[in-house]
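Go by the hints and put chain B onto chain A.
Listed here are the chains, written in short residue letters.
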Amino acid sequence: MIFTIAILKEVKIMNNIFYKNGTVFHPFRVIVQKEISDHVSSWRFIILISIIALTCFGSLYTALANISNVSKANDPDAAYLFLKLYTISDGTLPSFFVFVSFLGPLLGISLGFDTVNSEQNKGTLSRILSQPVHRDYLINAKFVASLTVISVLLFALGFLVMGLGLIMIGILPTPEEFLRIVFFILVSILYVAFWLNLAILFSVRFRQPATSALSCIAVWLFFTVFYNIIVNLIAKAIAPSEMATTHQVFRYQEIILTLMRILPSELYSEATTTLLMPSVRSLGPLTMEQIVGAIPGPLPLGQSLLLVWPQITGLIAATVLCFVISYVSFMRREVRSR
Amino acid sequence: MAENIIELVDLTKVYGTHTAVDHLNLTIRKGEVFALLGPNGAGKTTTILMMLGLTDPTSGSVRVCGIDSTTNPIEVKKRVGYLPENVGFYDDLTGLQNLLFTARLNSIPANEAMVKAEKLMEKVGLSDASGKKAGKYSRGMLQRLGLADVLIKNPEVIILDEPTLGIDPKGVKEFLELIVELSKEKGLTVLFCSHHLHQVQQVSDRVGLFVHGKLIAEGDIQTLSESLFAGSPYVIEAGINQAISVAKDLPGEKYTTGWLNGILKQIEGVVTIDIKDDVIRTECSRDATSDIAKALVEAGAGLNYLNRKEYGLDDIYYRYFEGGEDHE
Numbered sequence: 001m002i003f004t005i006a007i008l009k010e011v012k013i014m015n016n017i018f019y020k021n022g023t024v025f026h027p028f029r030v031i032v033q034k035e036i037s038d039h040v041s042s043w044r045f046i047i048l049i050s051i052i053a054l055t056c057f058g059s060l061y062t063a064l065a066n067i068s069n070v071s072k073a074n075d076p077d078a079a080y081l082f083l084k085l086y087t088i089s090d091g092t093l094p095s096f097f098v099f100v101s102f103l104g105p106l107l108g109i110s111l112g113f114d115t116v117n118s119e120q121n122k123g124t125l126s127r128i129l130s131q132p133v134h135r136d137y138l139i140n141a142k143f144v145a146s147l148t149v150i151s152v153l154l155f156a157l158g159f160l161v162m163g164l165g166l167i168m169i170g171i172l173p174t175p176e177e178f179l180r181i182v183f184f185i186l187v188s189i190l191y192v193a194f195w196l197n198l199a200i201l202f203s204v205r206f207r208q209p210a211t212s213a214l215s216c217i218a219v220w221l222f223f224t225v226f227y228n229i230i231v232n233l234i235a236k237a238i239a240p241s242e243m244a245t246t247h248q249v250f251r252y253q254e255i256i257l258t259l260m261r262i263l264p265s266e267l268y269s270e271a272t273t274t275l276l277m278p279s280v281r282s283l284g285p286l287t288m289e290q291i292v293g294a295i296p297g298p299l300p301l302g303q304s305l306l307l308v309w310p311q312i313t314g315l316i317a318a319t320v321l322c323f324v325i326s327y328v329s330f331m332r333r334e335v336r337s338r
Numbered sequence: 001m002a003e004n005i006i007e008l009v010d011l012t013k014v015y016g017t018h019t020a021v022d023h024l025n026l027t028i029r030k031g032e033v034f035a036l037l038g039p040n041g042a043g044k045t046t047t048i049l050m051m052l053g054l055t056d057p058t059s060g061s062v063r064v065c066g067i068d069s070t071t072n073p074i075e076v077k078k079r080v081g082y083l084p085e086n087v088g089f090y091d092d093l094t095g096l097q098n099l100l101f102t103a104r105l106n107s108i109p110a111n112e113a114m115v116k117a118e119k120l121m122e123k124v125g126l127s128d129a130s131g132k133k134a135g136k137y138s139r140g141m142l143q144r145l146g147l148a149d150v151l152i153k154n155p156e157v158i159i160l161d162e163p164t165l166g167i168d169p170k171g172v173k174e175f176l177e178l179i180v181e182l183s184k185e186k187g188l189t190v191l192f193c194s195h196h197l198h199q200v201q202q203v204s205d206r207v208g209l210f211v212h213g214k215l216i217a218e219g220d221i222q223t224l225s226e227s228l229f230a231g232s233p234y235v236i237e238a239g240i241n242q243a244i245s246v247a248k249d250l251p252g253e254k255y256t257t258g259w260l261n262g263i264l265k266q267i268e269g270v271v272t273i274d275i276k277d278d279v280i281r282t283e284c285s286r287d288a289t290s291d292i293a294k295a296l297v298e299a300g301a302g303l304n305y306l307n308r309k310e311y312g313l314d315d316i317y318y319r320y321f322e323g324g325e326d327h328e
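Going line by line, the protein sequences match chains A and B. Our numbering puts the first residue of the first sequence at 1, with every later residue one more than the last. Our numbering puts the first residue of the second sequence at 1, with every later residue one more than the last.
To be clear, the hints were calculated from the coordinates, so they are not data collected in a lab. Honestly, I wouldn't trust all of these hints.
Claimed, not checked - In silico DMTMM-like pairs for lysine to aspartate or glutamate, Cα to Cα no more than 20 Å straight-line: (1) B:LYS30 - B:GLU75; (2) A:LYS122 - B:ASP92; (3) B:LYS132 - A:GLU242; (4) B:LYS265 - B:ASP287; (5) B:LYS136 - A:ASP38; (6) B:LYS184 - B:GLU174; (7) B:LYS123 - B:GLU156; (8) A:LYS34 - B:ASP91; (9) B:LYS116 - B:GLU185; (10) B:LYS78 - A:ASP136; (11) A:LYS34 - B:ASP92; (12) B:LYS184 - B:ASP56; (13) B:LYS186 - B:ASP168; (14) B:LYS184 - B:GLU237; (15) B:LYS119 - B:GLU156; (16) B:LYS133 - B:GLU118; (17) B:LYS123 - B:ASP56; (18) B:LYS119 - B:GLU174; (19) B:LYS265 - B:ASP278; (20) A:LYS122 - B:ASP278; (21) B:LYS186 - B:GLU112; (22) A:LYS122 - B:ASP91; (23) B:LYS78 - B:GLU122; (24) B:LYS136 - B:ASP91; (25) B:LYS214 - B:ASP56; (26) B:LYS133 - A:ASP136; (27) B:LYS186 - B:ASP205.
Said to hold, decoys possible - Short derived list, chain A residues pointing at chain B, Cβ under 8 Å: (28) THR23; (29) PHE25; (30) VAL30; (31) THR124; (32) ARG127; (33) GLN131; (34) HIS134; (35) ASP136; (36) MET168; (37) GLY170; (38) THR174; (39) SER329; (40) ARG332.
Predicted model only: the values in this text are computed from it and were never measured. The beta-carbon is built from N, C-alpha and C at its ideal position, and this holds for glycine as well.
So that you can see chain A by itself, here it is in the shape it has in the complex (with noise of 0.2 Å):
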């Protein structure tokens, strides 16, 4: 809250130092500011902000207080205590980042649905687009704008998460656990970026706003509900028999995890999981003989990156798709009043 009401105050200040004196802004980055702070002012933000902080903290909250537990003598992931703060849980709150899994969609989702066609139903959409400006010009800059929105969010929570860790428990993050948690911050917004694009899909297809937000809440709930179920009978089908080679069971775990993948939210959670647990080192499925003889311990952060770029180029490939799709349709769609 304290968060919002001092992004309400910055446009406020914004809005007076625009009024006042004489600069000339083009006229993209007046759509964006004007998109920022309709979405700042608006409830649904508020109410959406309350809910996410109000979680966040609450999962800090259980992390703090079984902190002191998690610490033990063989854990190859002990010199991270700090990245402990986002991933631990005492199984009463789930922890950050999987809060972050569950609500970041719901945020993209309301931040988007309505993008296009509300401003259709409203009778300004013509009005604009009469207006001396390109016609990608009201698309690109809402993407824009929603997006600088869910990126302060994002980062103004993981940092305050950051800075109420440090005061709670006193350690400092070291260097490497700082960038991890930018890098986890930055796939949390990419992650958010598809939800938010597919919802922009949805808002320049579907006339009605409750049509396009409904469309995405089904979208979301097949993927996080019904698409577990549907692997789930798929791999129960092809399981391989009790006698099947090494060979066999390794390929039918890699189709299993390939229909799994399929999901961003499960290129999501492995990315992060990666991100946030150094000691993770691969994904897939590994042989005996992988394992044998490595020793348990961290992965530098390079390497953590390089596990997870497949990941990311999936989640920026999904992403992309959507608005292209999105931008294409209303690049051609003809603009008539309501």
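Same frame as chain A, but now just chain B:
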């Protein structure tokens, strides 16, 4: 004044199998108030969208202010103010903020925009409501805010799509007068688009009739009625108190159709004569009211009333659109 500000040449727009605009040729001169009239679905809005470069024509060319709208829409949109049908504003911004937003999109410096927006709000009679959220505006207020919104970018041309929709009759007159007053003041070219002919009839210099994507007639109302009614723009209706025997021209009967016809035909300018019971309807090429009255009285037909009808846009409109629907 002779400069052409809007030039449409062979403009065609086809949606699938439906031709929305069919080889439209239209020129609008600078400083003119032009009304494009037509029923719903005639292709008026499509034409406007093509003028603004918001949709691409299938063939033909559009030039506004000498700039091709299809290839260079931004330059056109800088010079043209467009008030869409059912204009909408951001509900949670005030009227003034909405205007300022448009000004910013048009790269008008902030301090200048503020002065201008306040001035325009005053002109359209919304200065009391300028701090009110646009969501609380009435339909008429929204239209006036729309007019201010169109004017804030200092356009050369303003295009108004169904500007009178949803305003009460008194408001319509005020609104149209406001538009014309403001446009004359600034020397703007105005293009109205409407299906309410008598509303725009009073304020427009020239009218174009647009049906099924085709411009079927254009010109001022006088020229239009002359061209449409083939030299007989006056209709004079006379009521007489003598029963006319239509059936036969009996020798004893004085008041027969043939006799009346004979009398009326002698009057200069009478084109057609139609007699039904005790009502005579004539179409004339000139105002022959007094001559007809004189002839009828002198003949002792007992004139009850005499009614001169001049064709308005209404008649032109209905005549055309009745015809237009026949073709469907």
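To see whether the hints hold, each was checked on the structure:
Taking the CA atoms of LYS30 of chain B and GLU75 of chain B, the gap is about 18 Å. The hint holds against a cut of 20 Å. Restraint check for LYS122 of chain A and ASP92 of chain B: the C-alpha separation of about 12 Å stays at or below 20 Å, so the hint holds. Proximity of LYS132 of chain B to GLU242 of chain A is assessed by CA-CA distance (about 75 Å); at most 20 Å being required, the pair is judged violated. Between LYS265 of chain B and ASP287 of chain B the alpha-carbon distance is near 15 Å, which keeps this suggested pair within the 20 Å criterion.
Only pairs whose Cα atoms come within 20 Å are accepted, and LYS136 of chain B paired with ASP38 of chain A is accepted, the gap being roughly 18 Å. A C-alpha spacing of about 15 Å is found between LYS184 of chain B and GLU174 of chain B, which places the hinted pair at or below 20 Å, so the restraint holds. A threshold of 20 Å between alpha carbons decides the hint, and for LYS123 of chain B with GLU156 of chain B the separation of about 18 Å falls inside it, so the pair holds. Taking the CA atoms of LYS34 of chain A and ASP91 of chain B, the gap is near 13 Å; set against the 20 Å cutoff, the hint holds.
At roughly 16 Å between alpha-carbon atoms, LYS116 of chain B and GLU185 of chain B fall within 20 Å of each other, so this suggested pair holds. Our distance criterion of 20 Å between C-alpha atoms is met by LYS78 of chain B and ASP136 of chain A, whose separation comes to about 17 Å. Distance hint between LYS34 of chain A and ASP92 of chain B is fulfilled; the C-alpha atoms sit about 12 Å from each other, no more than 20 Å. A distance of roughly 31 Å separates the Cα atoms of LYS184 of chain B and ASP56 of chain B; the hinted pair therefore is violated under the 20 Å criterion.
Pair hint LYS186 of chain B plus ASP168 of chain B does not hold up; C-alpha atoms about 27 Å apart against a cutoff of 20 Å. As the CA atoms of LYS184 of chain B and GLU237 of chain B are separated by approximately 39 Å, the hinted pair breaks the 20 Å bound. Taking the CA atoms of LYS119 of chain B and GLU156 of chain B, the gap is about 18 Å. The hint holds against a cut of 20 Å. At roughly 15 Å between alpha-carbon atoms, LYS133 of chain B and GLU118 of chain B fall within 20 Å of each other, so this suggested pair holds.
Proximity of LYS123 of chain B to ASP56 of chain B is assessed by CA-CA distance (about 35 Å); at most 20 Å being required, the pair is judged violated. Of the pairs offered as hints, the one joining LYS119 of chain B and GLU174 of chain B holds, with about 19 Å between alpha carbons and a cut-off of 20 Å not exceeded. Simply put, LYS265 of chain B and ASP278 of chain B have alpha-carbon atoms about 18 Å apart, close enough for the 20 Å limit, and the pair holds. Distance check on the hinted pair: LYS122 of chain A and ASP278 of chain B sit about 58 Å apart at the alpha-carbon level, beyond 20 Å; violated.
In summary, the hint linking LYS186 of chain B to GLU112 of chain B is supported, as the alpha carbons are separated by about 18 Å, within the 20 Å threshold. Distance restraint check for LYS122 of chain A and ASP91 of chain B: the Cα-Cα separation of roughly 8 Å lies within the 20 Å cut-off, and the hinted pair is therefore satisfied. Taken as a hint, the LYS78 of chain B and GLU122 of chain B pair is broken in the structure, with Cα atoms around 23 Å apart against an allowance of 20 Å. The suggested pairing of LYS136 of chain B with ASP91 of chain B holds, with an alpha-carbon distance near 8 Å, which does not exceed 20 Å.
Restraint check: the Cα-Cα separation between LYS214 of chain B and ASP56 of chain B comes to about 18 Å, which is no more than 20 Å; the hinted pair holds. The straight-line distance between the Cα atoms of LYS133 of chain B and ASP136 of chain A is roughly 28 Å, outside the 20 Å bound, and the hint therefore fails. With a C-alpha separation of about 16 Å, the suggested pair LYS186 of chain B and ASP205 of chain B falls inside the 20 Å cut-off, and the hint holds. Residue-level restraint check for THR23 of chain A holds (minimum Cβ-Cβ distance to chain B is 6 Å; threshold 8 Å).
Interface hint status for PHE25 of chain A: upheld, as the beta-carbon distance to the closest one in chain B is roughly 7 Å, under 8 Å. Among the interface hints, the one on VAL30 of chain A holds; its C-beta lies about 4 Å from the nearest C-beta in chain B, closer than the 8 Å criterion. Because the beta carbon of THR124 of chain A sits about 5 Å from the nearest beta carbon in chain B, less than 8 Å, this interface hint is met. For the restraint placing ARG127 of chain A at the interface with chain B, the shortest Cβ-Cβ distance is roughly 6 Å, inside the 8 Å limit, so the hint holds.
Of the supplied interface hints, the one on GLN131 of chain A holds, with its beta-carbon coming within about 4 Å of a beta-carbon of chain B, less than 8 Å. With a least beta-carbon distance of about 7 Å to chain B, the hint placing HIS134 of chain A at the interface is held under the 8 Å criterion. For the restraint placing ASP136 of chain A at the interface with chain B, the shortest Cβ-Cβ distance is roughly 12 Å, beyond the 8 Å limit, so the hint is violated. Taking 8 Å as the C-beta cut-off, the interface hint given for MET168 of chain A is violated, the closest approach to chain B being about 40 Å.
At about 45 Å, the closest approach between the beta carbon of GLY170 of chain A and any beta carbon in chain B exceeds 8 Å, and the interface hint on this residue is violated. Given hint, THR174 of chain A at the interface with chain B, is violated; its Cβ is 46 Å from that chain's nearest Cβ, farther than 8 Å. Hint status for SER329 of chain A: violated, given a least beta-carbon distance of 15 Å to chain B, over 8 Å. Restraint check, ARG332 of chain A versus chain B: the minimum CB separation of about 10 Å is more than 8 Å; hint violated.
This entry does not satisfy hints 3, 12, 13, 14, 17, 20, 23, 26, 35, 36, 37, 38, 39, 40, going by the numbered hints stated previously.
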